[in-house]
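Chemist: Respectively, the protein sequence lines represent chains A and B. Note that the first sequence covers residues 1 to 892 in the numbering used here. Note that the second sequence covers residues 1 to 892 in the numbering used here.
Among the clues, some could well be false.
Here are the computed lysine to aspartate or glutamate pairs in the EDC-like style, where the Cα-Cα straight-line distance is at most 16 Å [said to hold, decoys possible]:
#1 A:K679 to B:E866
#2 A:K833 to A:D800
#3 B:K833 to B:D800
#4 A:K14 to A:E88
#5 A:K679 to B:E250
#6 B:K297 to B:E250
#7 B:K679 to A:D870
#8 B:K514 to B:E534
#9 A:K341 to A:D319
#10 A:K679 to B:E497
#11 B:K679 to A:E646
#12 B:K679 to A:E678
#13 A:K514 to A:E391
Just so you know, these hints were derived from the structure itself, not from any lab. Being a predicted model, the structure only gives us computed values, none of them experimental.
Protein chains: 2
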Amino acid sequence: MSSLASVASPSAEKRVYSFGGGVADGRGDQRELLGGKGAGLAEMSRLGLRVPPGFTIGTPVCAEYFAAGNRLPGGLEDEIRSAIARVEKAAGARFGDPERPLLVSVRSGARASMPGMMDTVLDVGLGPAQMAGLARWRGRRFALDCRRRFITMYSDVVLGMSRKPFEEALARAGSPPPEDALARAVDEMAAIPGGRLPEEPMDQLLGAVRAVFSSWNNARAIAYRKLNGIPESWGTAVNVQAMVFGNTGERSGTGVAFTRDPATGEPRLYGEFLVDAQGEDVVAGIRSPQAIEEMAKRFPEAYSDLLAARERLELHYRDMQDVEFTVQDGVLWMLQCRSGKRSGFAAVRIAVDLAQEGVIDEREAISRVEPAALEQVLRPTFETGALRAAEKAGRVLGGGLPAGPGAASGVAVFTPAEAEARAARGESVILVRAETSPEDVRGMHASAGILTAVGGMTSHAALVARQMGKVAVVGCSSARVDEHARRVAFGGRAIGEGEWLSLDGFTGRVYSGKLATTPPEVVRALVEKSLPLEEAPTARRLLTLLSWADRVRRLRVRANADLPDQAAVALAFGAEGIGLCRTEHMFFGADRIGPMRRMILAETVEERRAALAVLLPLQRGDFAGLFRAMDGRPVNIRLLDPPLHEFLPADDAGVEALARELSLPPARVHARIAALREKNPMLGLRGCRLGISHPEISGMQARAMGEAACDVAAEGIAVRLEIMIPLVGERRELDAQAAVVREALRQVFAERGSTVPFEVGTMIEVPRAALVAGDLARSAEFFSFGTNDLTQTTLGLSRDDVGPVLASYLERGIYDADPFATLDREGVGRLVKLAVEEGRAARPGLHLGICGEHGGDPASIAFCHEVGLDYVSCSPMRIAVARLAAARAALG
Amino acid sequence: MSSLASVASPSAEKRVYSFGGGVADGRGDQRELLGGKGAGLAEMSRLGLRVPPGFTIGTPVCAEYFAAGNRLPGGLEDEIRSAIARVEKAAGARFGDPERPLLVSVRSGARASMPGMMDTVLDVGLGPAQMAGLARWRGRRFALDCRRRFITMYSDVVLGMSRKPFEEALARAGSPPPEDALARAVDEMAAIPGGRLPEEPMDQLLGAVRAVFSSWNNARAIAYRKLNGIPESWGTAVNVQAMVFGNTGERSGTGVAFTRDPATGEPRLYGEFLVDAQGEDVVAGIRSPQAIEEMAKRFPEAYSDLLAARERLELHYRDMQDVEFTVQDGVLWMLQCRSGKRSGFAAVRIAVDLAQEGVIDEREAISRVEPAALEQVLRPTFETGALRAAEKAGRVLGGGLPAGPGAASGVAVFTPAEAEARAARGESVILVRAETSPEDVRGMHASAGILTAVGGMTSHAALVARQMGKVAVVGCSSARVDEHARRVAFGGRAIGEGEWLSLDGFTGRVYSGKLATTPPEVVRALVEKSLPLEEAPTARRLLTLLSWADRVRRLRVRANADLPDQAAVALAFGAEGIGLCRTEHMFFGADRIGPMRRMILAETVEERRAALAVLLPLQRGDFAGLFRAMDGRPVNIRLLDPPLHEFLPADDAGVEALARELSLPPARVHARIAALREKNPMLGLRGCRLGISHPEISGMQARAMGEAACDVAAEGIAVRLEIMIPLVGERRELDAQAAVVREALRQVFAERGSTVPFEVGTMIEVPRAALVAGDLARSAEFFSFGTNDLTQTTLGLSRDDVGPVLASYLERGIYDADPFATLDREGVGRLVKLAVEEGRAARPGLHLGICGEHGGDPASIAFCHEVGLDYVSCSPMRIAVARLAAARAALG
């Protein structure tokens, strides 16, 4: 871009930026100032692409507009008039000219794409005085079509009237309407009461500009900003541009295209177009469009220009672009260009392809893939067998466009409100709509999948679903949706609210009922090895991308895994160790729960030791399996953590059964369970408190670790053991448990005549642990931040209880994010930072990691990188996400 | 003391310090070096009081002794020999001399008094070779008596043998034993197998010194140190002193005395003595002694010397002293002097008296009274009516010495273990013992009252009970205690384990059954005004002391009070405002719980508003009462805080009844209660979360406050309203609730046409609130630290659930103190400090207070002073304690 000479240096005071005819005041890197659309138009002009002339009113004016009480700031009108004069010159037509009128579009354009959230008015400048001239130029039908579009949009957007009477007037005229009927419909529309439709072109223009600014604060836009974390202060720009007409007849049309396939990333032009239509018709998904390749036949020149533009734009922007264009009388005009939204599959493929094509380097490839995108690649598909059975059973209801990859089953709902309500109750829902609009966004967010009857791959439903990572099938033309009756009919087959539907977001097929899912390609190739890597291109690309990430990241990535098979999955995704093995999960197996309960119900230390002796070999076997699987990588094992009542039955029948099984009086079992009952088990007898009350439990666990380590080491496999004491808040707690652990290991090593290296450390999961971290580090060889519990205690918020509170807090903007998903930097993060600093100051070699859910969340991983942790630990299926996020954090 | 010339400047290397004959190497202010006893002996020598010559081996030698593996450090033996030579010179007798042998006592003496915890050996230097000479000097019976005492004590203390065979041998000799029988008993004792009894006096001495050092680490001493927070590192000194003999016959005796009455503080010599006895006989409480006044008849000269010593010591030490003495052949010898332990009553009286006598100033008077001592003054007594009825019903079992003031009812227990076990179950227990010994200390701690059959006001039971603030009756001679059968008989009336007993610690009477109590004098005079102040000397003294405290303290003292009558109590004790009014307590009244439940069970906002409308006037009345009572002092009212299920019945019957009452289907009530059930209610839907979900509740409460404030202001009474938002962790929570509150008040003020000043602030009770305090202070006009919840969340410890954990942690020394009683400085305190600093930095005028239980705990109040809070708030009955503690904190 630096090779382009600047037309006019924008000054701080400048508010209006012209573009078109191979030059522009603004540049493509001025998104903050010009908004995305304005920046794209400016840059395409500079690149020499054919762009209708126009100008952009910069985003700072938006704030001025609101500050002035929804009024255009002084002087702006004059600047607009000057800019219009420049457009007139470039377009060879005059705004308001009754003979050959210049019409303009007025569109919003924020820094971040907010598709369909704000308003647009087309055909501005077409008053009654201009109709005759326009009709002379392109025919009366065309003039009437433009006029009805203008009246409808202006009445809706600027005057705030309902669209319904306008649409009804059009419908009454017939389809397609005879010219006279259309003329009557236009007259009828102009007479619909509710607002003053200005006749003067400049009044129309200023009204439309005001309306676009105002639309920044409409309810939809506010909701979208909240959902996507877009600050209110950014504001929108306004783009005023000479109209080009895709609706002049069969030699015209309009379309949208991606420079690569946004679902798969395949490197080919991908898009849709509509003949004899304006842009709004495509984006709204009202008419089903044609595939872009069809343009080659209809508009060969325009298509060839479009392919050339694809090359030009991709090389220039070094990324996949999403463009809008219009063909007027066979000539291609570019109307928009921006980085294209893409599925997770496409994100990986495009980044890897571009890097391998030499367009970008590896580091840039990493920065191009949002870690969350990988989740899509890891998403399950329907089982082949289940699909065949469903097809054989005639459960295929229809097919549409596969707009959001993945497989989703859920109960059908027909309103966004119902989707939210049922999702809040934990149900999986499929939102079924004729088409979606911005009002549906929250309902879509709450749904597992989205099905629409109308619209293409670039319709609102498709764009939003892809961005949210939702499974979506759009344009399912066989579906007749009755939102009022809450029913969808596929031919003779109707599905009502609450009935199960399944959507295949890879094939676009829709099934009745619930279908079994199967692991994604990546899992089959890397974990199950049921698919050769040669046949798994996504897995190959993922491995390539992650290998680049590994060269960049500083944070190590470990897995939270309790059993050898989980460890195997983690290793397949590149885990470098186990960051958290929760030993309690080992006690729930059929062969363990009995002795575990006997241990808990023991009345003497001897009885307890006898029960522990039964558990010892089982634990030893578990640990040995982990050590073998991890083959020399560190394995961090936490001592028993949860309150004991979690291992006991809660209901009377269970207690009776347990009493019989253990040959104990039921009253004794009841009494023991009652004694273990707690008002706030989160804050009760658990973690190291349990180990301090019952050191024999910790002793048994440490012995099992030591024996397993010696066994596996004797097989020639390296073992790196880390033993973690949970829920510590005071160094003396840690010391007491560490002494038990070290003594047990000393005994084992003496018995075996060999030793295995080990470290003893602590979880930091209550605020006090962080506050006395300097002291704890005198005894602990490592810290592992248990940010789940640390979040609960720091915020005083039980994850089990405050689901509704959290939802309402996010809704009201009291919390910016769910603190259990994304680490709360100001509160919990401050404690973590403090513990890192004071822990390292007390023991420079202290190892630091995180093992809460946050260890797999990209934003939280960035925090972990910033504060200098050594590793993050997350569930095996998030290892890939974490590797990428760690690399992106390192790139800053 | 500075007026006394130093005899010999003690150097760093010096280990042995001589005293006696009007001079001393050491001084009274060298307790760290010489221990309490050694310092007292040195100082009494310097004051010219008659002290048997001797020397003190300094406390640092104790550490040397243990470091050397329980061996006396090199060179010490020579120093001891030199010191003995100085004693011989002063005493005019030689150690080991067969003709006229010098005998010595060997006693422990730590920096802090640890009565009876460590060991003593008397009559050291009396081997077989010295018997004949001693018999020639004072008769054969005396020599035999000394010898049997020496053998018994040495065998017990130094050789670690059981006392029992020695006591049995003595008993077999008859009582009193004929001289020949005594001689045979002594021979028998010397032959009891179990250890080598040295014959050489110097071997005896060195053995005794070693035994005293060793006793620093006996189990009793360790338990006592833990209970009283005495560091292990202090060590004990050893005092070796020429024996004087209270057991030479009728012209001799031994006794203990206080320079003022330790129970009441009355300024007169108070004590007891035993004729023809050694000191151990008094302290052990084995024989019941005579009142000190009796000495005037028996030993007029010695008594007159003792009165003179009283004057001399009180003026010199400027405090009440506790002395031990022996009269040998009519001559008074002082053996010990230290500040005397006293009851709370005596502490107040002595401090006030000494200040009014001009001996100390007001500031020193404040520093002389431990705030906890005031609790005793505020302790209830038995109701006069109940006492009369009990007496009429013949329920008086007996009488003893009123060694610990107060009134206690509890079930009788006969072993310290049983006392602890029942107390742990929440029972009130009275520990009944023939006499107590150091092994009983933990059981005494667990008891509400202590009853002994034997022993005087200075017996072990009396001393320990007073120090612990326990109700105690000692020396109840009519009681026959059978500890084995777990029964005590008073004449024909037997009380078994588990039967109720009542002890009057003011009169010494013992009653069967449970007696109703009545408020203490202070409460009757100040709160109930049922007693004229002229007839309430303790109340007058308390007011005097507190008025001095008020001149010194910087911290304001407020009360936690929910109702006007509580506010009145608080005011009577000098509360300067209300620091916490918990509005939820107002909803439990019979007239409120109905509408409250209706409000909770409401299904629509309208239903809820209707129920709130019923509650509004009730709350308004409550608040008006508080404002009137507090008469212009600040009143801090907290919005509804607890989870709603606390207001609903928990059992099926209650639910059915409620459903009938509200004419609701029981299923609906059940369902609502189930929906409100939480796993961890502490961390659930409560505090501001409730107010944010149901702003109409906060609105009603704010309206009630505003209306009440306007009503009371209209009566001409000033109102200072503070409104507190609970459980805030994020500024936007506070802002949301503050907006509701401010809007409600704005409306009320508009309706009334008047305004009342108010502030809106927040509790700091979850760690995050402290961590973002700087941000909160942008919205909060005050912070109130809710350290109960802050402790629970910072430590991750539920007060409701972890009683056993806490007990075990205190026992094992993992916690130094109960963090719910005394603020945890390292953890919770660090958060408080951080919030104070960052809150004040953001808003310099921020008001800061504390309203957790810690607000009434002296150690925590000192912390509040240090970190610069503006006030503490505590329960009304602790206001006096807090005023005194605040003053002591200010004195540093």
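Chemist: Against this structure, judge whether each hint is valid.
Modeler: Against the structure, the hints:
A threshold of 16 Å between alpha carbons decides the hint, and for A:K679 with B:E866 the separation of about 35 Å lies outside it, so the pair is violated. Distance hint between A:K833 and A:D800 is unfulfilled; the C-alpha atoms sit about 26 Å from each other, more than 16 Å. Taken as a hint, the B:K833 and B:D800 pair is broken in the structure, with Cα atoms around 26 Å apart against an allowance of 16 Å. Taking the CA atoms of A:K14 and A:E88, the gap is about 20 Å. The hint is violated against a cut of 16 Å.
Taken as a hint, the A:K679 and B:E250 pair is broken in the structure, with Cα atoms around 67 Å apart against an allowance of 16 Å. Of the supplied pair hints, the one linking B:K297 and B:E250 holds, its CA atoms being roughly 13 Å apart against a limit of 16 Å. With a C-alpha separation of about 34 Å, the suggested pair B:K679 and A:D870 falls outside the 16 Å cut-off, and the hint is violated. Taken as a hint, the B:K514 and B:E534 pair is broken in the structure, with Cα atoms around 32 Å apart against an allowance of 16 Å.
Only pairs whose Cα atoms come within 16 Å are accepted, and A:K341 paired with A:D319 is accepted, the gap being roughly 11 Å. Our distance criterion of 16 Å between C-alpha atoms is broken by A:K679 and B:E497, whose separation comes to about 33 Å. Of the supplied pair hints, the one linking B:K679 and A:E646 holds, its CA atoms being roughly 12 Å apart against a limit of 16 Å. Annotation: proposed proximity of B:K679 to A:E678 holds, straight-line Cα distance about 9 Å (limit 16 Å).
Of the supplied pair hints, the one linking A:K514 and A:E391 holds, its CA atoms being roughly 13 Å apart against a limit of 16 Å.
The structure is inconsistent with the numbered hints 1, 2, 3, 4, 5, 7, 8 and 10, although it conforms to all the rest.
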